[in-house]
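Student: These protein sequence lines are chains W and D, in that order.
Numbered by the UniProt record's numbering, the letters in the first sequence go through residues 1 to 158 in order.
Numbered by the UniProt record's numbering, the letters in the second sequence go through residues 1 to 158 in order.
Hints were generated in silico from the structure; no laboratory data involved.
Since we're looking at a predicted model, the values are computed, not measured.
Treat the hints with care, since some could be wrong.
Claimed, not checked - Example chain W residues on the side facing chain D (calculated, C-beta under 10 Å, incomplete):
{"id": "1", "residue": "M43"}
{"id": "2", "residue": "L126"}
{"id": "3", "residue": "F128"}
{"id": "4", "residue": "G139"}
Glycine residues also receive a C-beta, built at the ideal position from the N, C-alpha and C atoms.
There are 2 protein chains.
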Amino acid sequence: METTAILTKEEFLKHWLGHRDLTRRTLEKFPEKELFEFSIGGMRPFSELIMELLSIAEPGLRGTVERNDKPYSHKLALNSKAELLARWDADTPKIIELFNQIPEEDFHLEHNLFGEYKYPIYSNLLYFIDNEIHHRGQGFVYLRALGIEPPFFWERTK
Amino acid sequence: METTAILTKEEFLKHWLGHRDLTRRTLEKFPEKELFEFSIGGMRPFSELIMELLSIAEPGLRGTVERNDKPYSHKLALNSKAELLARWDADTPKIIELFNQIPEEDFHLEHNLFGEYKYPIYSNLLYFIDNEIHHRGQGFVYLRALGIEPPFFWERTK
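Isolated chain W (complex conformation) (with noise of 0.2 Å):
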């Protein structure tokens, strides 16, 4: 599929560090408290879509890489924000690592992701950002009603 590309790779990859650098910052700006028992209509506290995020970017990434299908789970043993925020600063690097191993060529490639999602990698990708976004965006619903101001969506890095 030689063309122009309309994004690069490293496109790719920088877009997707910005949105968890804005997330992060979403992370740190929650209570301990609310941060695991805070929510609205019944939905999940933030801890725990963090903990979605966590499991699916870092071994999701790896999965595709190792072309394994280990199923995955949201629930991991992080009980504080310190927890949250140094997993997310440890899987950073691996994703970077893991994402710069996949060839061009291969993101057209199907691959099952966590034994259930079998679609391109680049559309499997692309889930993993929109799926940070969504919550994310949930997030900032939940610092509002908490009279807490999130940080600015536009802005992607510290």
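We have chain W; now place chain D onto it with these hints.
Tutor: Chain D alone, transformed into the frame defined by chain W:
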């Protein structure tokens, strides 16, 4: 920038249209009154978030194609769910037609979007989608708070 595309122009458009379809179904779920009146934490009601999206997608793409830098206006004279849905549906074929007019090789050109956001075209278009996902995620929280089940996030076509 000849390379193996990780994502083609057609795939990018399909991705966007899938999101538009999900956002439309989210809009449909709102009761008329709550669409214009309900909000959480001082945020805008979902009707205003939809008007923001309407004032970005088609006008922003038109500005990009015509290389004009007319400012946006989020204030649209749309006062019912039916009017919002009608505008949404009217814009979709225009978006397809405008998007298809941008040659692959132009995606890395800078355009001063709305006279304010001078970035490569691919970056502005990614922002349109990100912003839609972000605000739709907020709409999901509004729906949950109203006791209404949102559409499935992963379902992108009717």
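Student: Can you name, in rising order, the numbers of the hints this structure does not satisfy?
Tutor: 3
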